[in-house]
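Mind docking chain W on chain Y? Use the hints.
Protein chains: 2
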Amino acid sequence: MSPEFLAELKGRGQLVTDYILNYPAIAQIAPDYLREGVTFYVRKGGKRLRPALVMWACELAGGTTEMALPAAAAIELSHTWTLVHDDIIDNDDLRRGSPSMHAYYRQTWRDQVGEENLESWSRNLAMLVGDIQQALAISMLNTSKSIDPAITQWLVNNLTTSWTTEVLNGEMLDMEFSIQPWEQVSEAQILDMLDKKTASTLAWCGRAGALIGLGKLDLENQLVKSIETICRQAGLAFQLQDDILGLLGNEAELGKPVGSDIREGKKTIMAAHVYARTDAAGKELIKRVLGSRAASSLDIKEVTDLLVQSGGVDYTQQLATGYIQQAQALLANLPDSPAKQYFKEWIDFIIERSF
Amino acid sequence: MSPEFLAELKGRGQLVTDYILNYPAIAQIAPDYLREGVTFYVRKGGKRLRPALVMWACELAGGTTEMALPAAAAIELSHTWTLVHDDIIDNDDLRRGSPSMHAYYRQTWRDQVGEENLESWSRNLAMLVGDIQQALAISMLNTSKSIDPAITQWLVNNLTTSWTTEVLNGEMLDMEFSIQPWEQVSEAQILDMLDKKTASTLAWCGRAGALIGLGKLDLENQLVKSIETICRQAGLAFQLQDDILGLLGNEAELGKPVGSDIREGKKTIMAAHVYARTDAAGKELIKRVLGSRAASSLDIKEVTDLLVQSGGVDYTQQLATGYIQQAQALLANLPDSPAKQYFKEWIDFIIERSF
Chain Y
1 MSPEFLAELK
11 GRGQLVTDYI
21 LNYPAIAQIA
31 PDYLREGVTF
41 YVRKGGKRLR
51 PALVMWACEL
61 AGGTTEMALP
71 AAAAIELSHT
81 WTLVHDDIID
91 NDDLRRGSPS
101 MHAYYRQTWR
111 DQVGEENLES
121 WSRNLAMLVG
131 DIQQALAISM
141 LNTSKSIDPA
151 ITQWLVNNLT
161 TSWTTEVLNG
171 EMLDMEFSIQ
181 PWEQVSEAQI
191 LDMLDKKTAS
201 TLAWCGRAGA
211 LIGLGKLDLE
221 NQLVKSIETI
231 CRQAGLAFQL
241 QDDILGLLGN
251 EAELGKPVGS
261 DIREGKKTIM
271 AAHVYARTDA
281 AGKELIKRVL
291 GSRAASSLDI
301 KEVTDLLVQS
311 GGVDYTQQLA
321 TGYIQQAQAL
331 LANLPDSPAK
341 QYFKEWIDFI
351 IERSF
Chain W
1 MSPEFLAELK
11 GRGQLVTDYI
21 LNYPAIAQIA
31 PDYLREGVTF
41 YVRKGGKRLR
51 PALVMWACEL
61 AGGTTEMALP
71 AAAAIELSHT
81 WTLVHDDIID
91 NDDLRRGSPS
101 MHAYYRQTWR
111 DQVGEENLES
121 WSRNLAMLVG
131 DIQQALAISM
141 LNTSKSIDPA
151 ITQWLVNNLT
161 TSWTTEVLNG
171 EMLDMEFSIQ
181 PWEQVSEAQI
191 LDMLDKKTAS
201 TLAWCGRAGA
211 LIGLGKLDLE
221 NQLVKSIETI
231 CRQAGLAFQL
241 QDDILGLLGN
251 EAELGKPVGS
261 DIREGKKTIM
271 AAHVYARTDA
281 AGKELIKRVL
291 GSRAASSLDI
301 KEVTDLLVQS
311 GGVDYTQQLA
321 TGYIQQAQAL
331 LANLPDSPAK
341 QYFKEWIDFI
351 IERSF
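Chains as they are written, first to last, in my numbering: chain Y, 1 to 355; chain W, 1 to 355.
By construction, these hints were calculated from the structure, which means they are not laboratory data.
Remember, predicted model here, so these are calculated numbers, not experimental data.
For every residue, glycine included, the Cβ atom is placed at its ideal position computed from N, Cα and C.
Be a bit skeptical, because a hint or two may be false.
[Unchecked claim] SDA-like mimics (lysine to any residue), calculated; alpha carbons at most 25 Å apart, straight line:
#, chain 1, residue 1, chain 2, residue 2
1, Y, Lys145, W, Leu219
2, Y, Lys225, W, Gln28
3, W, Lys145, Y, Ile151
4, Y, Lys216, W, Ala150
5, Y, Lys287, W, Asn117
6, Y, Lys266, W, Val113
7, W, Lys340, W, Gly46
8, Y, Lys145, W, Leu217
9, W, Lys266, Y, Glu115
[Unchecked claim] From the structure, some residues in chain Y lie toward chain W, with a derived Cβ separation under 8 Å:
#, residue
10, Asn22
11, Gln28
12, Ala30
13, Pro31
14, Thr64
15, Leu83
16, His85
17, Val113
18, Met127
19, Leu128
20, Ala135
21, Thr143
22, Ser146
23, Gln153
24, Thr161
25, Asn169
Okay, chain Y solo, but in the shape it has when bound:
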């Protein structure tokens, strides 16, 4: 990433962070620890890619940063509540290298609640935090200023029907895969899950931003459709690269121990591809080690080697590259602008970052 791009991302992120932290309804949340929870992940930082996409898409379609800001904040907070609830589901104590929401509450409430009820207590608090975040995110979108009310109403409706059902369907498929044997989970199903759970949010960012920038509710507009598709394809590629990094990255890059994805038995395209093609010994190894909390470093290394040497990583890389090339081709047809350049840098980076 160029220093200009990083500065651009940082600037957009700051706008959204400030918008969320200063949103009037936040101040009304009581008790204090629930209010602090609602902004906990927001204050942690992060790339803030999603809100940046909303703003860039809006500007690409002729709008201003200000017009896009409420929708950008809304999708960031919407994404946040899905993370908080996802961390409960995955029983994941780390988020971006520091405590997840429920893990944080577990630390802060230990003395008052006592060990016996601490797990459920902190989980329940985190659930309520996500519930409030969901509501406030919609409120932010609903009170957008300087936007055609018909667009606002459509966006609220789209977020609360299609987006929510799609993302939670993806979440549910991810849960289901975790209890299904390898024979029953196909590559196509995993791609569908990634599309719903991850790419759909990026697609929402592109479409919402473009509609706001366009200034009219024209869902068939070519620019709107192109930006949505670019974001969706890039989102899929991003997730695939994430799975590769989850296998080959080091602890500092991952923000979690090496081999976490393997020990959790994450059903990746890499592993599904190799499982369908490897011999009986390879199948046995995958079944034995993936999803085994007790897997040794040697087990992890053996599975990692299998996934690399049997072409699982290369195949996933090729898939990701294909999505990126489609996104790049669509983007090349759009009119030149600073926002287009940011889209280009983001998309190029997705492929580069694993090398």
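The following block gives chain W in isolation, referenced to the frame of chain Y:
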């Protein structure tokens, strides 16, 4: 309740049930068991008092049933998601005498998931069901037809900010009380919790319905304010009577075992009132039995007798009667109409039902 009133409630309930079950976005929910979960409590039935209040309030203010229906469905489904998440928090396996959401999933997934992960699995599914219900409820409100868009936008904003933060604040206070000693929980705090957790939803029904019926966003309108207050006061009285019934009702009336509230250590006005006034032996009894899962039938009887004989029940009854009288007085000033008569029957019934 008169047969006419019961028929009226049933008719309103059916309208709302049909509206929710036929809402287009429901059909888009996948997988099947998540979609079924989203309508699970709705299909169970129940009094559907909240949506009836929205419709009556709307009609009292000059509007039609059709205008009020989307908001009525929205608050019913909003109330439902809070119940689903509340049942997770309370670890409550019964809702209206049959399995709660997570308890239902526990039954249906046992074979596929295995005993070890069944609790978290069914809890996570129920959490996602509540998440989808929250989103769809807002969507219903957002797509209301035949209503001034300014009212719709205000209602969406009010539901997603004030209402949500108030109800979840109430939920949180309820959780906090459960781990606090009796010395630290005052009557005033319990009333505040009941106001936020229960009465605020009924108040929302009254205000939303009246605003819709009025046809303009006039929050200072006297009729709107009266109906809101009537619903809030009646809601408080209803909850207080519910606590009395929870103590003195039988298993068939409660839909749960006699003594459940005592074994759960529910912090009621009755118990707080008595605790502050009883002697050391009484305080000891309350501390020992309330919140003890292992409390015997004799323990339950002893505490029940104490709460009755020390005037806790009478006091709570008087409080409830006071709220009802305030609501009745406000209602008497409103113009006569069929809807006013339904309000009157409802309010009168709240006090009568415990005798």
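Satisfaction of the Asn22 of chain Y interface hint, Cβ to chain W closer than 8 Å: For Asn22 of chain Y, the interface hint is violated, since the closest Cβ of chain W sits about 14 Å away, which is over 8 Å.
Can Thr143 of chain Y be said to touch chain W, with a Cβ gap under 8 Å? Since chain W brings a Cβ to about 6 Å from Thr143 of chain Y, closer than 8 Å, the hint holds.
Given Gln153 of chain Y as an interface hint, is the shortest Cβ-Cβ distance to chain W below 8 Å? Hint on Gln153 of chain Y: holds, closest Cβ of chain W at ~6 Å, below 8 Å.
Does the structure keep Lys216 of chain Y and Ala150 of chain W at a Cα separation of 25 Å or less? 19 Å, holds
Identify whether the interface hint at Ser146 of chain Y stands, where standing means a beta carbon of chain W within less than 8 Å of its own. Since the shortest Cβ distance to chain W is 15 Å, the answer is violated.
What's the verdict on Lys145 of chain W and Ile151 of chain Y, does the C-alpha distance respect the 25 Å limit or exceed it? Distance of about 16 Å is within 25 Å: holds.
Given hint His85 of chain Y near chain W, where the shortest CB pair must fall under 8 Å: Result: holds, 6 Å to nearest chain W Cβ.
Interface hint compliance - Asn169 of chain Y to chain W, C-beta minimum distance less than 8 Å: With Cβ-Cβ at 5 Å, under 8 Å, it holds.
Under 8 Å, Cβ to Cβ, is where Leu128 of chain Y needs to be relative to chain W, so tell me if that hint holds or is violated. With a minimum Cβ separation of about 5 Å from chain W (threshold 8 Å), the hint on Leu128 of chain Y holds.
Given the hinted pair Lys145 of chain Y and Leu219 of chain W, is their alpha-carbon gap at most 25 Å? 21 Å, holds
Holds or violated: Pro31 of chain Y as interface residue toward chain W, Cβ cutoff 8 Å? 6 Å, holds
Is the interface hint satisfied for Thr161 of chain Y? The criterion is a beta-carbon contact with chain W at less than 8 Å. 4 Å, holds
Taken one by one, the earlier hints fail for this structure at numbers 10, 14, 15 and 22, listed in ascending order.
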